[in-house]
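Throw the hints in and build the complete structure from the sequences for me.
6 protein chains.
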Amino acid sequence: MRPSHRAADALRPVTLERAVARYAEGSCLVCFGNTKVLCTATLEERGPPWLRGSGKGWVTAEYAMLPRATHERTRREVNSGKPSGRTQEIQRLIGRSLRAVTNLSALGEKQVTVDCDVIQADGGTRTAAITGAWVALHDCFAWMRSRSIISVDPLRDHVAAISCGIYKGMPILDLEYEEDSAAETDANFVLTGKGGIVEVQGTAEQDPFTEAQLLELLRLARSGTERLVALQKEAIA
Amino acid sequence: MRPSHRAADALRPVTLERAVARYAEGSCLVCFGNTKVLCTATLEERGPPWLRGSGKGWVTAEYAMLPRATHERTRREVNSGKPSGRTQEIQRLIGRSLRAVTNLSALGEKQVTVDCDVIQADGGTRTAAITGAWVALHDCFAWMRSRSIISVDPLRDHVAAISCGIYKGMPILDLEYEEDSAAETDANFVLTGKGGIVEVQGTAEQDPFTEAQLLELLRLARSGTERLVALQKEAIA
Amino acid sequence: MRPSHRAADALRPVTLERAVARYAEGSCLVCFGNTKVLCTATLEERGPPWLRGSGKGWVTAEYAMLPRATHERTRREVNSGKPSGRTQEIQRLIGRSLRAVTNLSALGEKQVTVDCDVIQADGGTRTAAITGAWVALHDCFAWMRSRSIISVDPLRDHVAAISCGIYKGMPILDLEYEEDSAAETDANFVLTGKGGIVEVQGTAEQDPFTEAQLLELLRLARSGTERLVALQKEAIA
Amino acid sequence: MRPSHRAADALRPVTLERAVARYAEGSCLVCFGNTKVLCTATLEERGPPWLRGSGKGWVTAEYAMLPRATHERTRREVNSGKPSGRTQEIQRLIGRSLRAVTNLSALGEKQVTVDCDVIQADGGTRTAAITGAWVALHDCFAWMRSRSIISVDPLRDHVAAISCGIYKGMPILDLEYEEDSAAETDANFVLTGKGGIVEVQGTAEQDPFTEAQLLELLRLARSGTERLVALQKEAIA
Amino acid sequence: MRPSHRAADALRPVTLERAVARYAEGSCLVCFGNTKVLCTATLEERGPPWLRGSGKGWVTAEYAMLPRATHERTRREVNSGKPSGRTQEIQRLIGRSLRAVTNLSALGEKQVTVDCDVIQADGGTRTAAITGAWVALHDCFAWMRSRSIISVDPLRDHVAAISCGIYKGMPILDLEYEEDSAAETDANFVLTGKGGIVEVQGTAEQDPFTEAQLLELLRLARSGTERLVALQKEAIA
Amino acid sequence: MRPSHRAADALRPVTLERAVARYAEGSCLVCFGNTKVLCTATLEERGPPWLRGSGKGWVTAEYAMLPRATHERTRREVNSGKPSGRTQEIQRLIGRSLRAVTNLSALGEKQVTVDCDVIQADGGTRTAAITGAWVALHDCFAWMRSRSIISVDPLRDHVAAISCGIYKGMPILDLEYEEDSAAETDANFVLTGKGGIVEVQGTAEQDPFTEAQLLELLRLARSGTERLVALQKEAIA
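Chains as they are written, first to last, in full-length UniProt numbering: chain A, 1 to 237; chain B, 1 to 237; chain C, 1 to 237; chain D, 1 to 237; chain E, 1 to 237; chain F, 1 to 237.
Among the clues, some could well be false.
No more than 25 Å apart at the CA atoms, straight line, and that leaves these computed lysine-lysine pairs for PhoX-like [stated by the list, open to error]:
no. : chain 1 : residue 1 : chain 2 : residue 2
1   : F       : Lys194    : E       : Lys168
2   : A       : Lys168    : D       : Lys56
3   : F       : Lys194    : F       : Lys233
4   : D       : Lys82     : C       : Lys82
5   : E       : Lys82     : B       : Lys82
6   : B       : Lys168    : C       : Lys194
7   : F       : Lys168    : E       : Lys194
8   : D       : Lys110    : D       : Lys56
9   : E       : Lys82     : D       : Lys82
10  : B       : Lys82     : C       : Lys82
11  : D       : Lys194    : A       : Lys168
12  : F       : Lys82     : B       : Lys82
13  : C       : Lys168    : B       : Lys56
14  : C       : Lys82     : E       : Lys82
Hints are computed from structural coordinates only; laboratory data are not their basis.
What follows is the structure in structure tokens.
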């Protein structure tokens, strides 16, 4: 039995609430159980310098946690003068995931920055962030189309993400903090609406894992992201 | 007529929602109209080094804004490597205000850190933060008493804060962003439940102001903080 | 009796010595008793980016203390990588105070930076700095007029500042370090030559203070800044 | 045909040269074709604070590139004040990979730091680093055993890593810089001597990839790391 | 003819004013013409960690310039987050020079920090700083002896410093800023009261210089430091 | 007898290996016994801003040590956020030395950066770096001439450097780490091929030294740099 008493392939209750930030061009509060991430999409005046003259735009992400999102208070990163390695790893992952389903040429030489701020953290913050960021980005693009800033929707597909792990030898889906801390293997999968793989990250925290286990984790992740994509469709309907 | 169409002495709708953060010892989401600040109080293992052996504790605060709390996106301070002068000024003010009504000896050699994170900003974030932080601190002390960490409530009084300003020559209470940007004079008052003044900050943005105007602003602030203290009492009832 | 043996409304001996820095466009060494601040005004080649094209200029200030200005040696802020919150608070205050009496349009798109470096600190460094900075700024503008860089004096009035406090229940003027450390309430007032209030900052270090006390502090401050403005007039005569 | 003219499953010439750093407890210069990484293992006086009293040790890694290891000169990270996100991601990966095959209890409360400095970079620096770091760590442990600092070899297995990718639709092994820049999918695999998976990282740079492609990449990686482990065995023989 | 119209071997008027800082254990305002450096010596509670248990003390120095000490305003180093290379070079030089004439065992496990803050800069700030720092250090040791903190004077000799240079082929002593900027070779010498050499630094700014020129510069420096030591003796008499 | 068992005026075996970095425009691995420095010269797209429009170029250098170049592991400077004072001192010295023999007008408005990375450190790293950097710079200029980026060789002469010291009263040449730590006086000399002095730096670590000793050190240095220049000529032949 897993600590959360959920079935191995059960997601936590997931909600995607749109338009939660009054000033942002797109926003979404995503909850995976007790994990809550506020995603806001901002249209920036201009894209990064290296794309100047290319006709292409850019989508990027930033990630942070409120100090008391966690069980124990976490020190603000501003006080150590720089984002931690973990923060940088996660915000790079979110940005890559969003770009994988965006037609950057259709965006033109603009940049959209999606801020993912963790209000409460109970495991799976990076995968919740990707899933909610897609909704915020979708609404930002809709806002831009309604003002004729772009004429075509730059989104080519959905993208959603979920964590998996091996806990006491058993592959399980969508780990809570307590499960995550005890898992032997920790993995994150980012998949598109059509089922393509955008990112696979699997890490043995203790013993190495096998190819069969990797495939089983992928099977779980696929079933999870299918449900997340269905929820995204419902949210934007 | 002021831009918000409110009467000169009218507060925005104010709400104080407790227990919004699952893991914090005390928490409060405070809204002054569209300004929303999440306040969480954390009991830290130990106080600051300079109080070691004194038998006294410490209450401190940190303040930050989410990047898209504002009309235009604000750059994260972690990316410039340090909190801005404005941030430091505000978090020092919140800490002083809370300590003014706390019996630090009754707290013992412990520290409570109150994090005030602005989720949405429409003027008056620092005064909303102080008003909500008092509730979070109150609940943290209640949590500590229920676990017999302290025996006496260290809070000696309420503390609440409100902004005032002179807009087109007229003293007004509780300024929204649009009013704040256009005001000739900007002031913040921190008062206790008994009506004592903890902090006065008045700044002429354009022409200097007079003693009579200062007194009129104080009169407005007093009526505002009286109502805020009443709301605090209601919230913790 | 206050520790300095001065009357409640007595200033320390104040001197304002001009032209003390050979290379600066304007300079003033201001002494309030044992507090000594060297103020130098520099005409910068260009104003801040946000004023480009506006026809307006800018006046800003920086503040620092020599390490052994104080009773105990203070660590250099460069070694902790950033100005402290206190330093930023003070330099923002000095800049605002000077701008309150400057016609920025008459200055044109130029910037004047006034550096206030505390050579010796015995309380009241920020108020001494404002009082001396006005003289340095005045001389910088005179230098500019003598070279026809500007045609009209951008200064609209004098500005001076003084600290007050409540010491053992008694309102007193111009606190020395020893008085300042023991005061129950600490306040700083910035007033113009015509008596308008530019800035009020009052903080209860222990018990809250009353409206009557605030008014008494303001009365003391007014009498103090009147004398300081008279000394400024004498100095530039 | 891939740009390197190698067969899809061909490694570049790989060399592992031991004892190249006179002062380090263990060292290895690893070359994967034109990619050259100097790995040095240092026995540190004490482990990290969070292991104090646990009886366990720690293995960690740091990674950096010489400025002109690359085709274009890369700015030194010390000049921007902090390691980049990429650097932190890589050094965390190397550390996790080494710890996956180390018995930290057998090491006792000591720390070994493996520095991986890229002398020349032509793709695959992180996988070369892991492969060479294992040799340096092995020699550090041998050095410790020869001085009776430890009695049992803490290494439980070999660990080696290789990059794979999908280039013009074809899965290929051990990408050079030119191949890496043009690949549609980029993956890194860390495997043990016994064939267990320690880490999988697969990223779609353009179109998403399929489960079948992931498996083909894993097959290639397995054949590659088997050869790398054989070379490690030869090197330490 | 040199720009200053002085003879090749003429010093500028030099003054050494003691006890200029009310709170420091020793202090000296040193002027070499228009170059003015305030030196203050502080007795620190404890020495550096690496001397703990050795019975020896330490003398160290810090150096900085006020922003408008110079002809053009110099940006404060705190705003770029760290002391510049030039600052670090100079403060290391001052510290080494003072330690060369100090008996660190006689000091005991204490540290004296000498702060050298340039109030006005017209060339030769580092050599003026060394010359004045010796006086401040002397007075700090006298202060310590008068309080029986030490029983023996730790100073073994005088130390003084002077700049030399080759200007239009002519070796000259004690360069002003204008001479310094135009000199072909720039050199600084630190000598003891007995004439021993503590530090030689000679740099060809344009063409290399010869051994004969180096000797001529040393001859000039020796005559200059002899006069400086005489002034130090007079000052402390 | 000196610890290295070499004669007082004996250099360690010195090698200068060219073209060791595949991507750099010029490179040299220089070994002075166990001290090994990798020097790479990079042609940068543009010179520093202050030379824009002057028709002149710039040569600059950066210096760093690998963490385990040293007997004990040295912490990476990137982790303390800035280059140390020692690093900055050395890289400024290398840059000055190279510019002393470069015709910056012949280079045109370009910049060459020479990176000197210490692979192994056994004393004399800065002097080895200068000696090797000259070879890398020479090859970079040759590369530029072969591509007609410049038409004339900007190098006007050779430049080489060597350390000297006084060890147990005896002047010795080219100190190893063990000798360096014990020397009473430490000096570095940078000389040109024609014998001109570019830089002299002599520091008394204990007792001051005499003019006669300085001259003896210079004599040793001259004989050493003559041999180093001969080796440079051989290397580029």
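Right, here's what the structure says about each hint:
1. Lys194/F x Lys168/E: Between lysine 194/F and lysine 168/E the Cα gap is close to 21 Å, so the pair holds against 25 Å.
2. Lys168/A x Lys56/D: OK: lysine 168/A and lysine 56/D at ~23 Å, within 25 Å.
3. Lys194/F x Lys233/F: At roughly 13 Å apart (the allowed maximum being 25 Å), lysine 233/F and lysine 194/F satisfy the hint.
4. Lys82/D x Lys82/C: 16 Å, holds
5. Lys82/E x Lys82/B: 14 Å, holds
6. Lys168/B x Lys194/C: 21 Å, holds
7. Lys168/F x Lys194/E: Holds, because 21 Å separates the two Cα atoms, which is no more than 25 Å.
8. Lys110/D x Lys56/D: 8 Å, holds
9. Lys82/E x Lys82/D: 14 Å, holds
10. Lys82/B x Lys82/C: 8 Å, holds
11. Lys194/D x Lys168/A: 21 Å, holds
12. Lys82/F x Lys82/B: 16 Å, holds
13. Lys168/C x Lys56/B: 23 Å, holds
14. Lys82/C x Lys82/E: Roughly 8 Å between the alpha carbons, so the hint for lysine 82/C and lysine 82/E holds.
Going down the numbered hints, you'll see the structure goes against none, and every one checks out.
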